[in-house]
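> Using the sequences provided together with the hints, build the complete structure.
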Amino acid sequence: MKLLEVKKLTKSFGGLMAVSNVSMVIDKGELVGLIGPNGAGKTTVFNLITGMYSPSSGTITLFDGEQGKPIQGQKPNKICNAGVARTFQNIRLFRDLTVLDNVRIAMHRSVKYRLLSCFVHSPGYRSEEQRIIDESIELLKIFNLDGKKDELARNLPYGEQRHLEIARALASRPKLLLLDEPAAGMNPAETAQLSEIIRKVRKLFNLTILLIEHDMSLVMKICERIYVLDFGSVIANGSPDEIKSNERVITAYLGEDAIDA
Amino acid sequence: MDQFVQQIINGISLGSIYALIALGYTMVYGIIKLINFAHCDVYMLGAYIGYFCMTILHLDVIPSLLIAMMLCTVVGVLIEKIAYKPLRNATRIAVLITAIGVSLFLEYGTMYFVSAQVRTFPPRIVKSMSAGIKLGNINVTYMQLMIVGVTVLLMVLLQFTVKKTRIGKAMRAVSLDVDAAELMGINVDTTISFTFALGSALAGAAGVLVGLYYNSINPLMGMLPGLKAFVAAVFGGIGIIPGAMIGGYFIGMVETFVSGYGYSMYRDAVVFAILILILIIKPAGLLGRNVREKV
Amino acid sequence: MSKGFNKKAFIKTLALLLAFSVVQLLIRFNIISYYYQDILARVCINIILAVSLNLITGFTGQFSLGHAGFMSIGAYTCALIIERVPTVYGFIAGVILGALLAAFAGFLVGLPTLRLKGDYLAIATLGLSEIIRILFINLDSITNGAAGLYLQRRFVNWFWLYLFTVSTVVLISNFVRSSHGRACISIREDEIAAEAVGINTTKYKVIAFMIGSFFAGVAGAVYASYNYFIEPNLFNFSKSIDILVVVVLGGLGSISGSIMAATVLELISSFLQSVAAIRMVLYAVLLILIMLFRPGGLMGSRELSVAMLTELRKKAIAWLKAMPARAVHAVRSIAKGSGKPGDKSAGKGRVDG
Ligand SMILES: Nc1ncnc2c1ncn2[C@@H]1O[C@H](COP(=O)(O)OP(=O)(O)O)[C@@H](O)[C@H]1O
Ligand SMILES: [Mg+2]
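Chains as they are written, first to last, in our numbering: chain A, 4 to 264; chain B, 1145 to 1439; chain C, 20 to 372.
Misleading hints may appear alongside valid ones.
No more than 25 Å apart at the CA atoms, straight line, and that leaves these computed lysine-lysine pairs for DSS-like [unchecked claim]:
id, chain 1, residue 1, chain 2, residue 2
1, C, K136, B, K1426
2, C, K222, A, K115
3, B, K1229, C, K222
4, A, K81, C, K136
5, A, K81, C, K222
6, C, K222, C, K136
7, A, K72, C, K27
8, C, K222, A, K152
9, A, K78, C, K27
10, C, K27, B, K1426
11, A, K78, B, K1225
12, B, K1177, B, K1308
13, B, K1177, B, K1225
FRET-style restraints, in silico, Cβ to Cβ [claimed, not checked]:
id, chain 1, residue 1, chain 2, residue 2, range
14, A, K115, C, S324, 24 to 34 Å
15, B, R1232, C, V304, 15 to 25 Å
16, C, R332, A, N147, 46 to 56 Å
17, A, A192, C, S324, 54 to 64 Å
18, B, R1232, C, A337, 51 to 61 Å
19, A, K115, B, S1408, 23 to 33 Å
20, B, R1232, C, R332, 31 to 41 Å
21, A, E227, C, K27, 29 to 39 Å
22, B, R1232, A, F16, 20 to 30 Å
23, A, S220, C, V189, 37 to 47 Å
24, B, V1270, A, S15, 56 to 66 Å
25, C, Y247, B, R1232, 40 to 50 Å
26, B, I1226, C, F290, 19 to 29 Å
Read the hints as simulated data drawn from the structure, not as lab findings. Ideal Cβ positions, reconstructed from N, Cα and C, are used throughout, including at glycine.
Below you can see the structure in the form of structure tokens.
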């Protein structure tokens, strides 16, 4: 069953075609990789899907059961609330807020009390706040961050910042999670830990995941299907094995050593 | 019809002043993305320096103008070095608050030394300047001719500096991309100081001219014209030098016409309304291009 | 959670009532003289203004230079109502209506201008408050123009001042600690990330502007009734700057910081009243120094708390304890001629945190 369908998506910046005529389909429950050399347009695809940019042309459809809804050009917060969450290639945490606050803010979508009741902190308000805290801590536990809930995000080590960003994305309870180079800058042990976590949250939250990653061993290990982007266009699409042996991909991008990996 | 032409002449004179001040805002903003609130006070200082040159030193208009420009240059560079440079990597809001602080400091520091009293220029000079040429019912004073003449001359010099000289090229490079400019071996600090120097010199000239034109100066005289000149810079597209000139003349015209046709009480409000409209309709200004932040 | 008795809230309420009663008694028995009552009133009004601007600028990160404009709407509304209904009910109606109208103005200002960022927003709010001021000057059939409005009676007393100040502080603190308040804070921290986690940034900016303006309106209304007299030029750019100085000094995002700064600055300026120029120069130097050395303001975005005080005390004690060592060290290094390479005692005496 389809969850996301991108059709003929194009985005140009001035004369530069960052994304041109990209079409892709992601089914519910899949873990799909999006790879390609630097500057291929991967992050731009994410920015288009999440509404950070509006496309020059093309459509993006998010499915809820059989029902498809176009989301291209909508505001990021609308798209997030429709069930698409993301992380950023260059981490964008609320650096001067605590770990707990980072997650709590992203739970905003599920908050039940109304604007006026937060001025007086009514009993209903208090139990709702408690629920938010409890659920945030539950979420942090998955990433082993519950012990650091009161630390400022900026003071976390790099790897944990990446984890926190994923936790924050999950706090909005998305159907589709977009991860932009989550393993960038991690050592092999950390990368292994990350792939474990991705596996775990995928099951736990019944997620569909689209993943940009440069670490080929990670991509080949966990992705079920891969799209390859080069100069803004999709040049290949298939299972890891198919991608590994695809001539075009090899010449355009992977190179000799990646095949050995 | 005569009145219409007269208004246009008055508008051009006023617009020249706004354009001179707006250039300083726009150059500084273009290069370090800062609304230099203190700029309007450099203009005020220019007026006072001109005033003291003419009253105490008994100098003529042109020498006073040159001295004012020189001293204002020094002040502008000092402001940059002392207050803004240490904040090069601070948040925008911190720099903006500092700029407001510097502005208040200059205004009330001046007020402390010269008192809040409104001063007028020596009658001999004012008289000679307010004479003029009469064409039917239309009156063009020497003062107006001088304002326009000085402004055009300074603008030509500025364009030459920015377009043709080495330091002008450095200015343009820094305003495009500070880091890249630095990598290309441009001395960014010098370039920024030079930008402040240029802007302050123009503001100093504007100060003397306005002081003479309205024949009234006080320590807070910079606030309102400063804001309007800023509106002019935004109107033309902030960071763009020709934009500031166009904006200056436009605001000058609008203001003159609004007061000329009997709504002088609302002339400031109209300028601010223009600001808000332009910010909503085309925040990048007349000559600017909209860019969205890169994610 | 049990619905039972909330001890903390009870103690807080008790402390607030006690503070009120003590001051009330001191005023009643003339121990707080008229001069100090006046300072007290100004402090209260400044607290309302600073805390409300802090919501907009400190918590939500939207730089506003037009707070005095919203204040003036509250002031004129209240004054005009009191003129027609010179009773305490008129006053209350004036405060409420003034605050609502100010909030509405905040809404109008907010909607179109909030697409602007940082400096542009600052200039736009400045322009709008100037427009409001010019309108008040020119609508002289209603506002009596630049000459201003005189009121016959004062309805504001310590009770009302205290009520409005405490309510403002409590309501705004409650707001910023709620999920909606956190949404505002996330905009300050990183607007793009906030959008990405589902925060409607435009909506929350407008909400912050409306709440902030609402309380600025309250402050204006209270001020009008307290001061007997208002004129458009009381609400000019300088007034907005005054409020901003308080917020910046206290700390962008710290309510207790705003309260302390409002108090301290009001005391300073009452002592410097005769030399207005010096006061402003002092403000200016203060602004520049804070931005150079402590850009977050004195308190940063932290709140005054017991834990903070304890920590401060610990630091102070450690510092004092280290004094002898430091002194000895200083004497020694002077005796030896300091700064010799390989001087092992160097830095030993430095215990301060
Ligand atoms: N906001 C923008 N303005 C101009 N060019 C951009 C912008 N965003 C991305 N680009 C350009 O689009 C191309 C693709 O970038 P990106 O999507 O970040 O690549 P990738 O994530 O695959 O490394 C690059 O050439 C980049 O410089
Ligand atoms: Mg990328």
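> So which of the earlier hints does this model not fit?
3, 7, 8, 9, 10, 11, 16, 17, 18, 19, 21, 23
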